[in-house]
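Go ahead and model the full structure; you've got the sequences and the hints to work with.
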Amino acid sequence: MALIELDLAHAYGANPQKDEDYALLPMQLRFEDGGAYALLGPSGCGKSTMLNIISGLLAPSHGTVRFDGIDVSAQSPQQRNIAQVFQFPVIYDTMTVEQNLAFPLKNRGLSPERIRQRVGEVAEMLEISHELNRRAAGLSADQKQIISLGRGLVRPDVSAVLFDEPLTVIDPHLKWKLRRKLKQIHHELRLTLIYVTHDQIEALTFADEVVVMSRGRAVQVGRPEDLFERPAHTFVGHFIGSPGMNFLPAAVDGASLKVLDVVLTHDRDLPQGDLTLGIRPEYLEIVSPQTPESVAFEVERIQDIGTYFLVACRRGDVTVKVRMGPEKSIPTAGQTVGLRLMSDRTCFYRNEELVV
Amino acid sequence: MSGPIKPVNQKAWWLVLPVILCVAFSAIIPLMTVVNYSVQDIISPERRVFVGVEWFMEVLRDEDLHEALFRQIQYSLSVLLIEVPLGIALALCMPAHGWKSSAVLVVVALSLLIPWNVVGTIWQIFGRADIGLLGYTLERMGVEYSYTGNATHAWITVLVMDVWHWTPLVALLAFAGLRSIPDAYYQAAQIDGASRIAVFRYIQLPKLRGVLVIAVLLRFMDSFMIYTEPFVLTGGGPGNATTFLSQYLTQKAVGQFDLGPAAAFSLIYFLIILLFSFVLYNWMQSVGTADAQEKSHG
Amino acid sequence: MQLELEEIEQRVGADVHLYRQSLKLTPGVINVLLGATKAGKTSLMRIMAGLDQPSHGRVLVDGRDVTNMPVRERNVAMVYQQFINYPAMTVAENIASPLRLRGESDARIQAKVRELAERLHIEMFLERLPAELSGGQQQRVALARALAKDAPLILFDEPLVNLDYKLREELREELTLLFASSGSTVVYATTEPGEALMLGGYTAVMDTGELLQYGPAADVFHRPASLRVARAFSDPPMNLIEVTQSSEGLRFASGVTVDWELAEGLPERMLLGVRANAVALQPTQRSAALDAHVELAEISGSDSFLHVETAVGDLVAQLAGVHNVEIGSAIQVHIDLAQAYLFDSAGPLLQMPTALKGGR
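Protein chains in written order, with this note's numbering: chain A, 1 to 356; chain B, 1 to 298; chain C, 1 to 360.
These are calculated hints, taken from the structure and not from any lab test.
Owing to the predicted nature of the structure, the values given are computational and were not obtained by experimental measurement.
Ideal placement from N, C-alpha and C gives every residue a C-beta, glycine not left out.
There could be a bad hint or two in this list.
As the list claims (entries may be wrong) - A few chain B residues facing chain A, derived, Cβ under 8 Å:
1) Ser-180
2) Ala-184
3) Tyr-185
4) Ala-188
5) Gln-190
6) Ile-191
7) Asp-192
8) Gly-193
9) Ala-194
10) Ser-195
11) Ala-198
12) Tyr-202
13) Ile-203
As the list claims (entries may be wrong) - Which residues of chain A face chain B? A few of them, derived with a C-beta cut under 8 Å, are:
14) Leu-57
15) Gln-75
16) Pro-77
17) Gln-78
18) Val-90
19) Pro-104
20) Arg-151
So this is what it looks like as structure tokens:
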């Protein structure tokens with residue numbers, strides 16, 4: 001278990017000049033000992049690069065990585081004592097499950113009794129004790145991923161466990177099982193866990209703190225509910241949430257706020273000029289179009305997503321999405337409805353950064 | 001499949017016809033001719049007597065043949081035991097990327113490009129005490145070496161020549177096999193603290209299985225049929241120390257013009273190789289599919 | 001075109017890949033094949049395309065038997081999960097390839113390529129090679145090529161699975177708009193129940209080679225014919241509680257009894273199924289309360305998933321919004337019986353939730 005501190009930048013080329021040359025722009029991050037973190041972002045944002053730098057498979061071109069205060073930038077993954085679970089299950093085909101789990105300990109020269117005991121403990125925790133004598137090659141993908149995880153956990157002094165999109169090859173109904181297991185492990189063992197993914201559900205349900213990345217930059221770091229309710233950047237608002245945040249053009253002139261050429265009252269301290277209003281589909285309220293402080297939209301499309309409804313509404317060339325629970329009364333396509341845009345969950349952005 | 005599947009296109013058969021004719025002329029008809037000879041005694045072109053399995057019995061009783069067969073088996077086994085591990089070791093040392101990789105690949109493959117009788121000639125000259133680099137050096141060093149006079153020396157020379165000639169094939173196959181292993185396996189092994197030997201044993205070797213089957217099959221078949229190189233190098237000598245099966249067969253057929261027994265023996269020869277290859281292939285495939293089946297039902 | 005699979009069965013040696021099934025696809029909508037890996041989705045698609053012949057049964061296109069017609073002669077477009085494009089051709093040439101095969105004029109081809117590229121937002125990449133593009137862009141090229149072919153049957157085999165989450169969302173939206181109006185029969189294979197619902201259209205639920213149910217997506221979701229369908233078409237998994245008949249209605253294993261109007265002839269022991277969103281922290285008009293112990297809380301922003309342990313087993317509750325419940329705390333959960341399904345232990349659906357009877 002370790003406190004990991006990053007103060008670095010990384011470029012694959014020799015002489016980085018512009019922002020585009022960097023895979024990771026200069027940043028400082030701190031991963032507390034025993035915390036569960038997620039690195040979330042679209043492909044190409046640099047999250048895998050960051051993971052490889054933390055694990056030691058890649059050395060940062062600028063800056064340092066510290067484990068418990070010690071500079072480990074030049075150390076290999078073995079020396080840093082980390083464990084890594086990859087995108088597809090990596091197991092030793094010729095060995096049984098037990099031998100797979102025992103492998104890292106054997107390489108360290110532990111006694112056979114100690115190895116057997118430790119393997120038993122980890123197998124128990126992962127609920128695979130009954131599979132120990134099976135050949136690893138014959139198991140399903142999710143079981144193999146559990147073994148990969150087990151190989152990391154079997155070392156009692158592992159400093160951190162890193163996950164590189166580990167649920168990619170797993171079926172959706174098995175993902176629940178694995179996610180739950182990961183969370184339980186975190187709760188029991190209190191290891192430092194760092195999880196890389198492009199799936200926001202995985203990131204938000206797993207982590208205590210999420211690092212949202214885009215184009216080599218850590219855009220926002222925070223608790224899942226903070227990222228959801230007050231995204232600091234329009235990218236975070238867009239990327240987190242399915243569907244993402246709705247963005248509407250707004251303008252402030254003096255004391256009046258105008259959104260889509262409708263004047264709305266507000267009680268915020270808004271700066272002057274052009275702004276972007278952001279509101280999540282979950283927080284938009286559908287009311288009758290005559291209601292004061294609502295903006296009229298035309299309902300374009302209604303989708304039944306089983307546990308909720310998605311209503312796409314349009315005004316001019318702006319489309320917003322509203323998420324409604326099944327218990328509310330659902331409008332019909334073509335109907336004109338009013339949307340209440342202002343609430344305490346509404347965020348205002350200028351140049352993509354949160355202002356209010 | 002139920003119901004007749006109509007041939008998609010009758011025209012396809014016409015395209016295949018030339019190939020059928022070629023194969024017929026170059027393989028099937030000659031094979032039938034051999035079968036024909038093996039059951040007849042050809043006293044003269046006009047007088048042919050059907051003798052049934054008499055030639056086969058004579059061949060199987062032939063002492064010289066047993067010796068040649070024994071020698072051949074020794075040879076093929078030695079070849080496999082040396083070339084397969086050596087080829088894999090060579091592949092492990094070859095660089096994987098960049099211009100160095102291409103350069104090394106070319107150098108390694110060079111010996112495969114040389115015509116086989118030229119290979120024999122190269123080594124024949126190489127080993128001569130008067131003008132050969134090896135022979136001359138050994139003589140100057142005081143080491144006794146004569147591949148024409150000493151049976152053991154002849155054996156070693158033929159073996160070394162084959163290793164020089166054919167190990168690159170195994171190396172190239174193993175090299176291709178190694179390239180197909182994803183990086184994540186090596187990274188995981190590194191994280192698990194595995195030694196270089198453990199990485200080889202638990203990751204590389206299992207993943208090379210498919211490639212090794214091909215390599216072993218090819219080298220076995222080729223070495224079992226070997227003719228040109230040892231013939232050019234030693235002529236089968238000294239005595240019959242390096243007379244392998246195919247040379248023995250040729251001696252009988254062409255030298256002594258005993259077509260009957262020679263034909264019979266050709267067929268037996270063919271069947272031995274076929275049988276061995278079939279058994280080996282099935283064995284290695286069954287081990288492979290056992291793994292694959294386990295995976296798919298998992 | 002009307003595509004129908006009649007009594008199709010697929011055996012390979014001793015293995016059955018597809019059990020006998022019949023399916024009549026609906027033109028003009030997206031037909032989703034939903035199932036886990038190895039459910040038989042790809043096998044079924046290959047039979048539809050003509051890449052494989054079934055061991056039994058017929059494939060009918062507009063009433064004509066095309067079972068033995070090879071794929072070259074059928075007019076099918078297929079998009080794979082591995083972004084397959086001709087690597088040596090530029091994007092423009094890739095999109096143009098089906099048009100060239102049809103023998104269209106150069107002018108027509110150029111105009112069509114431009115139009116399709118603009119529709120898929122890749123017009124700036126027309127002169128590039130596929131390898132130079134990102135995954136999402138490569139898949140758009142494959143989609144444009146499928147559109148260019150203008151085939152009456154278009155097959156998508158998990159086309160978005162190799163793309164990241166947001167990109168998947170965006171392309172899915174575009175797909176529904178692009179293909180739903182084209183008049184072709186569209187078939188889309190996926191493992192995600194959420195995707196089947198978001199695409200709308202019709203869904204065929206498959207499980208280990210069997211076709212379980214086919215109908216409008218929301219219908220199949222709300223009215224599963226059997227336990228297997230409910231299990232395959234739920235995300236998160238459906239909560240199942242063993243119940244027995246009692247004098248007032250149903251009794252849970254923990255002893256809790258609830259009023260329930262049972263029809264005649266139902267078995268003694270059954271399974272009560274409630275989806276995660278029917279388990280709440282507040283009682284509803286008709287709900288059963290259970291004491292629960294919180295094992296895990298997963299916050300995703302728009303939803304919170306609570307994993308609780310109760311006397312009747314482990315349950316998952318899906319709550320809207322952020323609910324930071326402490327792990328280990330003791331709470332009460334309420335199962336909304338109006339949204340509960342009754343299943344026979346062997347599978348078939350016995351009783352629908354009363355909440356649905358209003359006919360949604």
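Would the hint on Val-90 of chain A be counted as holding, given a Cβ-Cβ threshold of 8 Å to chain B?
Hint on Val-90 of chain A: holds, closest Cβ of chain B at ~4 Å, below 8 Å.
For the hint on Gln-78 of chain A, just tell me whether its beta-carbon gets within less than 8 Å of chain B.
holds, 5 Å
Under 8 Å is the threshold here; is the Cβ of Ser-195 of chain B close enough to any Cβ of chain A for the hint to stand?
Holds: closest Cβ of chain A sits about 7 Å from Ser-195 of chain B, inside 8 Å.
So, as I understand it, the hint says Gly-193 of chain B touches chain A; can you test that by seeing if any CB pair is closer than 8 Å?
holds, 4 Å
Can Pro-77 of chain A be said to touch chain B, with a Cβ gap under 8 Å?
holds, 5 Å
Could you check if Arg-151 of chain A really has its C-beta closer than 8 Å to a C-beta on chain B?
holds, 6 Å
Quick check on the hint: Ser-180 of chain B CB to chain A CB, less than 8 Å?
Violated: closest Cβ of chain A sits about 14 Å from Ser-180 of chain B, beyond 8 Å.
Is the shortest C-beta separation between Gln-190 of chain B and chain A less than 8 Å?
holds, 6 Å
When the least beta-carbon distance from Ala-198 of chain B to chain A is tested against 8 Å, hint result
Constraint on Ala-198 of chain B satisfied, holds at 7 Å.
Against chain B, is Pro-104 of chain A within 8 Å by beta-carbon distance?
With a minimum Cβ separation of about 4 Å from chain B (threshold 8 Å), the hint on Pro-104 of chain A holds.
Does the CB of Leu-57 of chain A sit less than 8 Å away from some CB of chain B?
holds, 6 Å
Hint check: 8 Å Cβ-Cβ cutoff, Gln-75 of chain A to chain B:
violated, 12 Å
This entry does not satisfy hints 1, 15, going by the numbered hints stated previously.
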